[in-house]
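Since the structure of chain A is provided, determine the placement of chains B, C, D, E, F, G and H on it from the hints.
Residue numbers (this note's numbering), protein chains in the order written: chain A, 33 to 271; chain B, 33 to 271; chain C, 33 to 271; chain D, 33 to 271; chain E, 33 to 271; chain F, 33 to 271; chain G, 33 to 271; chain H, 33 to 271.
Hints were generated in silico from the structure; no laboratory data involved. It is possible that some hints are incorrect.
[As the list claims (entries may be wrong)] Some chain A residues near chain B, calculated using beta-carbon distances under 8 Å:
hint: 1; residue: Gly178
hint: 2; residue: Glu205
hint: 3; residue: Gly206
hint: 4; residue: Ser210
hint: 5; residue: Leu236
hint: 6; residue: Met242
For glycine and all other residues, C-beta sits at the position ideal for the given N, C-alpha and C.
Number of protein chains: 8
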Amino acid sequence: MEQVREGSVDVDAALSRLRHMPFEDLGFAKIDHHRALRHGMPEVIFGVGKTPDQIATIAGRLLENAKNVLITRADPATAEFVIAQIPAAEYFPASRAIRIWGDRILHGKGKIAVVCAGTSDIPVAEEAQITAEVMGNQVETIYDIGIAGIHRLMSNRARLIEARVIVVCAGMEGALPSVVGGLVSCPVIAVPTSVGYGASFHGLAALLGMLNSCASNVTVVNIDNGFGAGYVASLINRA
Amino acid sequence: MEQVREGSVDVDAALSRLRHMPFEDLGFAKIDHHRALRHGMPEVIFGVGKTPDQIATIAGRLLENAKNVLITRADPATAEFVIAQIPAAEYFPASRAIRIWGDRILHGKGKIAVVCAGTSDIPVAEEAQITAEVMGNQVETIYDIGIAGIHRLMSNRARLIEARVIVVCAGMEGALPSVVGGLVSCPVIAVPTSVGYGASFHGLAALLGMLNSCASNVTVVNIDNGFGAGYVASLINRA
Amino acid sequence: MEQVREGSVDVDAALSRLRHMPFEDLGFAKIDHHRALRHGMPEVIFGVGKTPDQIATIAGRLLENAKNVLITRADPATAEFVIAQIPAAEYFPASRAIRIWGDRILHGKGKIAVVCAGTSDIPVAEEAQITAEVMGNQVETIYDIGIAGIHRLMSNRARLIEARVIVVCAGMEGALPSVVGGLVSCPVIAVPTSVGYGASFHGLAALLGMLNSCASNVTVVNIDNGFGAGYVASLINRA
Amino acid sequence: MEQVREGSVDVDAALSRLRHMPFEDLGFAKIDHHRALRHGMPEVIFGVGKTPDQIATIAGRLLENAKNVLITRADPATAEFVIAQIPAAEYFPASRAIRIWGDRILHGKGKIAVVCAGTSDIPVAEEAQITAEVMGNQVETIYDIGIAGIHRLMSNRARLIEARVIVVCAGMEGALPSVVGGLVSCPVIAVPTSVGYGASFHGLAALLGMLNSCASNVTVVNIDNGFGAGYVASLINRA
Amino acid sequence: MEQVREGSVDVDAALSRLRHMPFEDLGFAKIDHHRALRHGMPEVIFGVGKTPDQIATIAGRLLENAKNVLITRADPATAEFVIAQIPAAEYFPASRAIRIWGDRILHGKGKIAVVCAGTSDIPVAEEAQITAEVMGNQVETIYDIGIAGIHRLMSNRARLIEARVIVVCAGMEGALPSVVGGLVSCPVIAVPTSVGYGASFHGLAALLGMLNSCASNVTVVNIDNGFGAGYVASLINRA
Amino acid sequence: MEQVREGSVDVDAALSRLRHMPFEDLGFAKIDHHRALRHGMPEVIFGVGKTPDQIATIAGRLLENAKNVLITRADPATAEFVIAQIPAAEYFPASRAIRIWGDRILHGKGKIAVVCAGTSDIPVAEEAQITAEVMGNQVETIYDIGIAGIHRLMSNRARLIEARVIVVCAGMEGALPSVVGGLVSCPVIAVPTSVGYGASFHGLAALLGMLNSCASNVTVVNIDNGFGAGYVASLINRA
Amino acid sequence: MEQVREGSVDVDAALSRLRHMPFEDLGFAKIDHHRALRHGMPEVIFGVGKTPDQIATIAGRLLENAKNVLITRADPATAEFVIAQIPAAEYFPASRAIRIWGDRILHGKGKIAVVCAGTSDIPVAEEAQITAEVMGNQVETIYDIGIAGIHRLMSNRARLIEARVIVVCAGMEGALPSVVGGLVSCPVIAVPTSVGYGASFHGLAALLGMLNSCASNVTVVNIDNGFGAGYVASLINRA
Amino acid sequence: MEQVREGSVDVDAALSRLRHMPFEDLGFAKIDHHRALRHGMPEVIFGVGKTPDQIATIAGRLLENAKNVLITRADPATAEFVIAQIPAAEYFPASRAIRIWGDRILHGKGKIAVVCAGTSDIPVAEEAQITAEVMGNQVETIYDIGIAGIHRLMSNRARLIEARVIVVCAGMEGALPSVVGGLVSCPVIAVPTSVGYGASFHGLAALLGMLNSCASNVTVVNIDNGFGAGYVASLINRA
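Chain A on its own, in the form it takes in the complex:
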């Protein structure tokens, strides 16, 4: 960095070099401070399988270099613990996400629409929304427009067409992404949810439906992976 200041190394070269630098080793985890730099994105902690203390420690370290941190799948106890240590943190009970959102500059070039089929799909949609927001996007949410009431969907058509990329969350038969995909020209990211019972097999039916979508502009992420959908939508919207 000194070299950059002196001008003997230019910024591009320095950034390129940083992308290959190592990471900080906490013992139970290797923290990669350059991930944010490398992806130009906030740091993300997957909350499952980590203790509140581990999560707070990692988040604290990350905040030394980053302004935006997202913690996914955190239970209320973890949220309470983290907020006690990092007052700027905000908890979203439906999606179980904790967000520290210090830098609110918009990076996205258009709007991201986050759509869900039924009320029960809202937690997954919310995770996508929170992710896209913390990554600098304007997000529009359209909830409860399942395909069995097609007029509810059609009456939101204009808002869908305006979006630059759309995240569609649906459980049960998971058909909403196909219908939305047929209405718009932009990329659609489909998120199967585990909403349903019996032969939904915890989201498998929705997942298979989305993978077999007859709309060509649909790609798919893992069951209940609202975070991944919001993340890729943000990448596309930045392009």
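Just chains B, C, D, E, F, G and H now, kept in the frame of chain A:
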């Protein structure tokens, strides 16, 4: 039957008794001449796993008591063999059905619509159509109105609303029955087809999608079972 | 509606127009007051994934336009909460359904039989029964007539033959719909239940059995979906 | 054996010793001449994955010590080759079995009934029949008595009750063993067949159905394993 | 029965007639007092999905006609409730069975061996043992002889060969029935157990292994179905 | 359109209106000439389940309004037939695609990289490449850089980082998208291929692997769906 | 043993004889004191499905002949109970293992590396580590080097190349063993973990990925089977 | 290399450097001449999905640097084509392998045993054998010792105990590796084969069985992957 003629047994009683009478034993098959009577329906031969000669023999016996016989899943060689012996038989290559349709009285009280999502689903839809026709129904077919082009579906809405029962055939994600089900008030019989590839798993994706339909008026039959759908649609339309 | 009163628009046209009108947006749900009108059916709330408060709110709004409301899969706490606010509501613990049944006019043209194979299948059967009743049908229940004791089934044959449509609930091998289907001429709606253990795989064995039924008059709904079966049975019985 | 003749070793001890003696090694197979002795049963060659020459060689060796040999799943070319070398061999094209039946003494203490649901299940039933016969049993076959025509089954009830053990072959939903099991008191061996299409998944639906049978006297063998069913039925009938 | 006493109807005819007589209807269950007669077996109540009160009521009614009653899969609370009302009842916590064993006459003609692979399979094996005993059999148990320690199995060979029928319970890879089947000439009933983790998929691995057994004398029952295995073993041992 | 010329309707409004206009009905297919307009994309014909004549007819109609047509999954006979009628068509035997590429204007704003793991994945990768090219993109292909030889991948790192979106095709364990996703900041579209044997289950292993990718920038399409991946990559690159 | 002391039997012969000697029968378990001798390995108790008392009893008996005992999958209550009786026992809460490690002689000829992809995989990795240590190996652990951050993996390359055998634990897509396998020449034992959600299906995705590894030096054990991997790694390292 | 000759770089350093050098790019494949060096192993070509010409070209290039080349899964036509160009090549029709074996130095420190359960498993076993041989091992094959004839297995016990590592191939229930694993102390590599029918599901039953082996010394490779098993066995035997 003599008793009926004499009046000592009334017709209802006789019919009731017939319903419990035995069957003709051909050795390789037990022919139940009263099935037609019992169900008030034509006789049906499932063509798979029977030789052309067996099929022709069974059909011949059945025609002694019935005017309408339907043979499903017959290959062209079988069709040729049967038509040589029963010139009234007609072959439908797409659905591989053979139909002998002597009695064309209408029994259905309304129209049955047979709908399919894509061109590749036509063979299954045709099997449903042929079945419903031979059972005395007026059938309207609406093909290639998959959900990714929702305006093709919407422009056929009036015809759908007119139907008394609708058969919907779809492969891939199998979402068409849900959308159709949301547009109409009548029962919808969903037929998953094996059209697709990869994660369609030979129709499993469509089957699961239909079983998880968010439209309450949808029931499901086996993959590629156009016959079953046409059969039940006919029963409903007769009611 | 003014136009209807004035006579400048006739009732059919008005109804037709209403069918395309939008819906009330509660934020977490879009309430479609015209669904009842469109389907000529009571409103239904799927209870899973909604808070007692949400359910009571939706039910309250619906009751402004409808006399019959059915809430499925509600736990006892929800039931208590709803009944406190809507005293006319009635709770059925076995099937976990809440029913508000203000309009008891019969719409069905015949009887619906609801049959189950074993004592453990009763909750699913009860959901079908309650649904069919609230939709204006006379329902006859025949419980515990599994196929391993075929004489118990045969001794109920007369009651089965009288029905205009039959709902058959069965877990384990799920064979009862095939046997019933062979005894009657009317449509049979098969409901696989999750009753069983080991290789029943939570109802999968029964589901596959029913989809492969050798009786032509059988269609299938999702595992444990007593509601869906009762709903379609009602549609058929109204036809 | 000399010792037996001399009396220094008694017969029981000799037989016991023989049961632990080694086998003949043909390189590609280890022939166990004592299996027949050990099980008191004919030798069986599983035809799949062996050349006609290998099969004929093994059969030839076995016939040096045994009078009854059964070859399962042999194609017509193999049958022709084997019969050319062993004129006493007989081929059954439906079940693709070759049988050399030199010793026709009856060992079974009662009758074995072999039942199948539909015409397409006959090949599997025939394999069971041939196996049971060559193992010294009187076999009664009852074909085409599927459960959708319950009166065909009921009219054969007397013959079923007479049997000491029953083999039931069925594809599709595989429900026949449960119904038969409920009618009789003897053991029922259920054989799922791969007959069916779509959600039968090559016999999986029938297999799961049979494993979940609500009749307590039913056990199950592999899909299409008529041989295994005939074999165990013979063991039971000998007891 | 009067006719039997008078001699106008002989006992066989009377018994035959009784076998077709109806059942007692408790509302929630149809009790078939003649099942014991029909099968010559004790009455069995499947405990899952029934309240303690229902179970005690059914058991009480059955004991008016039967001396032996078996209740499977009963939790401790149910056991306590039943024993309070029927002091003769005995509870087996490992297998969760309740047994009333008034008539201890032996009906079996030989010994039944009940074998299990590991300590964790004992509950399933115990269910088989209790069932076989209450049906009048002498039962020998051989536990913890899994195939990875083949000498433990081989050292029990003599006891295995003495048995007239063997029940083999095994989880994980489920290979014990094949090895036992190769050592003996009698029928082997294989019970897959849900013991294992990961790719055992709750007993599926063991189930598939047993269905594909290379030993010809093996048949299979449902996962953890010790009762079914004991039941069929008893039927075979009575023959 | 007259109105547009006259200026009474502006272009945006006209385009918007066109997007809702109906389609041409060929009987076996409904051709939507406005799809190209709506999506700003070439027309695509899915070749499976259509006769050469049907394909050529549809292609001919489409070429009246479009300059670029892509036919996927066409066998050589179809290709020959189509090329005979449309000499501008070009056939790609590996991916079985036919391409008519009249308008070669670049629409993409950057490069699309198409990567595959092994030689056997090339057909799927080629389908993605051809699709992306006909949609106006500069495409760079990098083949045979599977993860077991990580240095082959690392030596192509610079080319990967330059891409604006990357399509990654892989069979077997399907891990390449995760590794590539970790190296770059742009969106990665993962295509599982059916390359493999045994427990690859025709691409299921690769599909599941990709859905569970630990790299956040990965979305997934159906097995062997190179077309879909190329299509969405083009949409993203146009943004 | 006396004979060995006297010299009339040499040690090899004695050991060979001991390998076939029987076992101690505790009723609920058969203890094989010679297993340690036979395998030259410590005794292992699989904790699931055994009571604390049973475990402590077995461990006590084993310690009469062995110095090293490993108890896997023990809950904290069991650990407390065992440690109260065997103070030398040590509990590892993450992997739920109890270890008695009296004999710490090194048997391994090189180092075993135990690697895991993410923090959540540590419990499984720890089980492998503890197992390998108690079997006399020097173990090096390298945690949190998942493939999406390939530079973290590459920076540990030297440590990987030094190992004589490597255990790699990974959930989600399970791709780490393939990448590690490509970097080294030694055997890699892959352990799929149940870490993940949705389409990971409790470790199935990772398991399938590892079975389809494109690296030739990879073999696989059951999901979460850290013990098995550590065991086989020890056998290889001893060779 | 010059530097090595001059002594300015020592051999270890040179080898280490070579391990990171790039590869030859043939367009359709990237040939890694250093793989042999890196692994100290022969080059291997996976034959599926490559043309005879491609295979011969790759083999030719590899032989410029290597003496031993193995081509797996090659059909007879490919074999003929390759042998025409490389006369030293030898074809094994059962396993469909082509082997060029110029350097026959033994690298293994002990014997590798290759075992299979039935005659139909021989092709997979042969692939393992050929692989192990070309990698410099003494291989002993023991065929047709399936577990249903345990004495055939036991009589080969001495040969098994002598081996330093054992490859066990088995289809159907796949139990042989567990039994062999219990008899020996060395590592056992289990290869499930696709031999079987019905519920073997093309090797899935055997695969699951092996993954759940109760013997601790067993690891598993993909279905029919004889090559992989032979490869890892060789690595272990070299250690």
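Which numbered conditions among the earlier hints are violated in the structure presented, ordered from lowest to highest? The structure breaks none of the hints.
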